[in-house]
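We have chain A; now place chains B and C onto it with these hints.
These protein sequence lines are chains A, B and C, in that order.
Letter 60 of the first sequence, counting from 1, is numbered 60 in the numbering used here, and no numbers are missing.
Letter 19 of the second sequence, counting from 1, is numbered 19 in the numbering used here, and no numbers are missing.
Letter 470 of the third sequence, counting from 1, is numbered 470 in the numbering used here, and no numbers are missing.
Bear in mind the hints are in silico, worked out from the structure with no lab data behind them.
Treat the hints with care, since some could be wrong.
Here are a few chain B residues that face chain C, going by a calculated C-beta distance under 10 Å [stated by the list, open to error]: (1) N72; (2) P123; (3) L126.
So the derived label-pair ranges between C-beta atoms look like this [claimed, not checked]: (4) B:R148 / C:E514: 54 to 62 Å; (5) A:N84 / C:L391: 34 to 42 Å; (6) C:L391 / B:P20: 43 to 51 Å; (7) C:P424 / A:C49: 34 to 42 Å; (8) C:T452 / B:R27: 49 to 57 Å; (9) C:G501 / A:D100: 51 to 59 Å; (10) A:C49 / C:H456: 46 to 54 Å; (11) A:N31 / C:H329: 27 to 35 Å; (12) A:K69 / C:T405: 38 to 46 Å.
Glycine is no exception: its CB is placed at the ideal position from the N, C-alpha and C atoms.
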Amino acid sequence: MNTNPDILLVEDSQNDANLALYALQEDRLANSIFVVRDGKEALDFLFCCGAFAERSFNHPPKLVLLDLKLPRVDGLQVLKQLKNDSRTKAIPVVIMTSSDEERDLVEGYKLGVNSYIQKPVDFDQFRATVKTLGLYWLVVNRPPVTIGLHSERSSH
Amino acid sequence: MKTIGTDATPIEVLLVEDSPGDVRLTREAFKDAKVHINLHVASDGAEAMDFLNREGTHSGVPRPDLILLDLNLPKKDGREVLEEIKKSPTLKTIPVVILTTSASDADILRSYSLHANSYITKPVDLDGFLEVVKSIDSFWLSVVKLPRGPNS
Amino acid sequence: MNTRAKEMPVTADIVESKRPEETVEEVLASSKAQLEQLAETHLAQMEEGRRLGEHALQESEERYRLLLDGIPDYAIFMMDAQGRILSWNAGAERIKGYRADEIIGHNFSCFFPQKEIERGRPEEILRMCAANGPHEEQGMRVRKDGSQFMASVTFTALRDRSGNLKGFSEFSHDLSERRESEARYRGLLEAAPDAMVVVNASGEIVLLNVRAEKEFGYSRDELVGQDVMNIIPEGFAERIIADGTRSAAEALAQQIGTGIELVGRRKDGSEFPIELMLSPLESAGGILVTAAIRDISGRKNSAEHLVKTVGELKRSNDELQQFAYVASHDLQEPLRMVASYTQLLGKRYKGRLDSDADEFIAFAVDGCNRMQGLIEDLLAYSRAGTNGQVLCEVSSEHALKRALTNLKTSIEQSGAVVTHDSLPSIRMDETQLSQVFQNLVGNAIKYRGAETPQVHVSASQNAANEWVFSVKDNGLGIDPQYFERIFVLFQRLHGRNEFEGTGIGLAICKKVLERVGGRIWVESELKLGSTFYFALPEGA
Chain A
1 MNTNPDILLV EDSQNDANLA LYALQEDRLA NSIFVVRDGK EALDFLFCCG AFAERSFNHP
61 PKLVLLDLKL PRVDGLQVLK QLKNDSRTKA IPVVIMTSSD EERDLVEGYK LGVNSYIQKP
121 VDFDQFRATV KTLGLYWLVV NRPPVTIGLH SERSSH
Chain B
1 MKTIGTDATP IEVLLVEDSP GDVRLTREAF KDAKVHINLH VASDGAEAMD FLNREGTHSG
61 VPRPDLILLD LNLPKKDGRE VLEEIKKSPT LKTIPVVILT TSASDADILR SYSLHANSYI
121 TKPVDLDGFL EVVKSIDSFW LSVVKLPRGP NS
Chain C
1 MNTRAKEMPV TADIVESKRP EETVEEVLAS SKAQLEQLAE THLAQMEEGR RLGEHALQES
61 EERYRLLLDG IPDYAIFMMD AQGRILSWNA GAERIKGYRA DEIIGHNFSC FFPQKEIERG
121 RPEEILRMCA ANGPHEEQGM RVRKDGSQFM ASVTFTALRD RSGNLKGFSE FSHDLSERRE
181 SEARYRGLLE AAPDAMVVVN ASGEIVLLNV RAEKEFGYSR DELVGQDVMN IIPEGFAERI
241 IADGTRSAAE ALAQQIGTGI ELVGRRKDGS EFPIELMLSP LESAGGILVT AAIRDISGRK
301 NSAEHLVKTV GELKRSNDEL QQFAYVASHD LQEPLRMVAS YTQLLGKRYK GRLDSDADEF
361 IAFAVDGCNR MQGLIEDLLA YSRAGTNGQV LCEVSSEHAL KRALTNLKTS IEQSGAVVTH
421 DSLPSIRMDE TQLSQVFQNL VGNAIKYRGA ETPQVHVSAS QNAANEWVFS VKDNGLGIDP
481 QYFERIFVLF QRLHGRNEFE GTGIGLAICK KVLERVGGRI WVESELKLGS TFYFALPEGA
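Looking at chain A on its own, in the form it has when it is part of the complex (with noise of 0.2 Å):
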């Protein structure tokens, strides 16, 4: 199990989630993809702890994206204490939600989503959009380094 790959999916619909590894696989955007189905899984991958204590803050993912209705901890949660911290908060995340709450869409930005993307119907937009955002995200945006900025362990 790769536990340092460059996208974290956060998404608890599996029919949603394969279909965004098809399209990011598809093309060879992504090297690895990390599938996690609620917000709590997501925060405990992020911050390096429970079942993924072994992870460290130097290596994130290069992105991470984000539903936002989830259980146990939803999406705006997780992104409010991601963006808080300092050791998480230049992991570039992207919000894609089937939500077309303006309210959503204004917190979302407000608290620091580096951007918002409505997840299209149709299943061939979806996939287009997807491949869009990969490219975009892993191509053309350069992310942020952190190798050697954060002490090996930490918890929490």
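Chains B and C only, in chain A's frame:
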């Protein structure tokens, strides 16, 4: 999916860039954009803040939907502009894409720490540059849902 | 300048204090007192001995002789009231040249020069001594071999308990010996490369050499008897003068052997940095201190100069670094403009301009691209080896593997076979080492001949404990006349059309290695191949 970016409601993009050559190139590149945009230009950091705060000669300008920000600017430096934008309760929701020649890890990390939304290093070759602008267009202006401010 | 027990009286004698005789007297007086006592006792015992018996007498004589013989620098003997010699010690034998059996019974006047004997000097001395008490004088004496020497002599009358004159004791010393030692000491002092000053426990200068005169600008007379604070205002006197809580000897003991940095002051008031080396002298008058004084203005200057030079070098390096960074950074932008717009021209007006225009544009764009490459390489070169990371033990095999991973594509494309021996752990920055391997192996593959490139990496330790790595290939080889040139920045042996590249790889290797005290060189034969060697110093 998108209601903006049509002729009726073009996307307002603020380009903060001091090199006239780069400004022109960017304009040329956006000519092929999928969406309709209004490109505004500020050539230094102070002018950028005036524009965003709708001060001085920029009192009637629209609020940008997206900011493309160079780091090395005369007068007020791009890093300062970024900090001011992201500290302002009214301006912080505007996505800021750093578009700069610097490829230094320090600059990259610092920008993200100051809550830049994205960081792009300007390619040295023309084709590369055109590609980058194209992808800004296809992502930020097409796929992303941009926040519209308190009074758009 | 450490003089000890035997020469103790010598040192005391050569000291030029205000009252020189006093010191000599002190020394002689104490010994004299001892001997007088002994002599008296002996005489008394001799009297009693007749009563006590030969045996006892022999014993006491034995003891007496042993004691006297233990003082080889002094002639000590007894005479009867007429001057006939009764006893003789080893010192007397040494100084006067006569053995005991030769001289006992003879009159002591034989030690005097002929003229003195004719004048009746010996008897006169005995008369004066009997009448006035202990008599001291310096006079010429004659040895057995006829040679004459200046002696310092003390006569003491010996009386029995009733006060009757029984005889005399003579206590004498060869002043020429003393003078010789003195001369020797003075000679040493004068010959010393440093200024030498001898100071007493009160901080007064008692002796100095000619260098000291020169250093401080005084004549000897001006300094002798003066307080040493006149020439060393602070730090010396305090160390010498017993402050009541400890003796001068203890105070001194703490300083011995260590160089003390102080400030010296010349007669004209000017001051200069000095270093003191102290050593003690014991004398009857107390502890004396010999100080070797060295002017260290030169050393201080050169130390400061060194620090300054290093500081300047570092600054200059930082400036160069900054210049290279700024130059390449600032050069990029206008270059981009020229390149981009030229290309845009080409695109926009494609087909609408003549073929010459197309060609001109192509040259212009090509020039820009090359310049861009050079600037990037210059930047990389200026940055090479400067990310001063702490050196720690790294596996050079691991560094090589990293390099090979980066070269995966070119290895696959060329079918190259890269092998290596087991490589050591060394102290080096792993990234930089990997960079060196990548450049060398990359070159080995790039500059290949007709055959499949074969590259072998190995390492061994040489006599100087350096680790010498080698990267051997079977490629094109290099003409010996270029062995040095290839390491120079941007120097290439092939045109751009033959092999791509700007000629920066080896320059970077050289810079990176030399920064850690290593070096790089090549051995090669055209058409057969090359072996690049690089050495890392010990401690690696």
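To see whether the hints hold, each was checked on the structure:
| no. | hint | result |
| --- | --- | --- |
| 1 | N72 | holds (9 Å) |
| 2 | P123 | holds (9 Å) |
| 3 | L126 | holds (4 Å) |
| 4 | B:R148 / C:E514: 54 to 62 Å | holds (60 Å) |
| 5 | A:N84 / C:L391: 34 to 42 Å | holds (38 Å) |
| 6 | C:L391 / B:P20: 43 to 51 Å | holds (48 Å) |
| 7 | C:P424 / A:C49: 34 to 42 Å | holds (39 Å) |
| 8 | C:T452 / B:R27: 49 to 57 Å | holds (52 Å) |
| 9 | C:G501 / A:D100: 51 to 59 Å | holds (55 Å) |
| 10 | A:C49 / C:H456: 46 to 54 Å | holds (48 Å) |
| 11 | A:N31 / C:H329: 27 to 35 Å | holds (31 Å) |
| 12 | A:K69 / C:T405: 38 to 46 Å | holds (42 Å) |
The earlier numbered hints are all upheld by this structure, with none contradicted.
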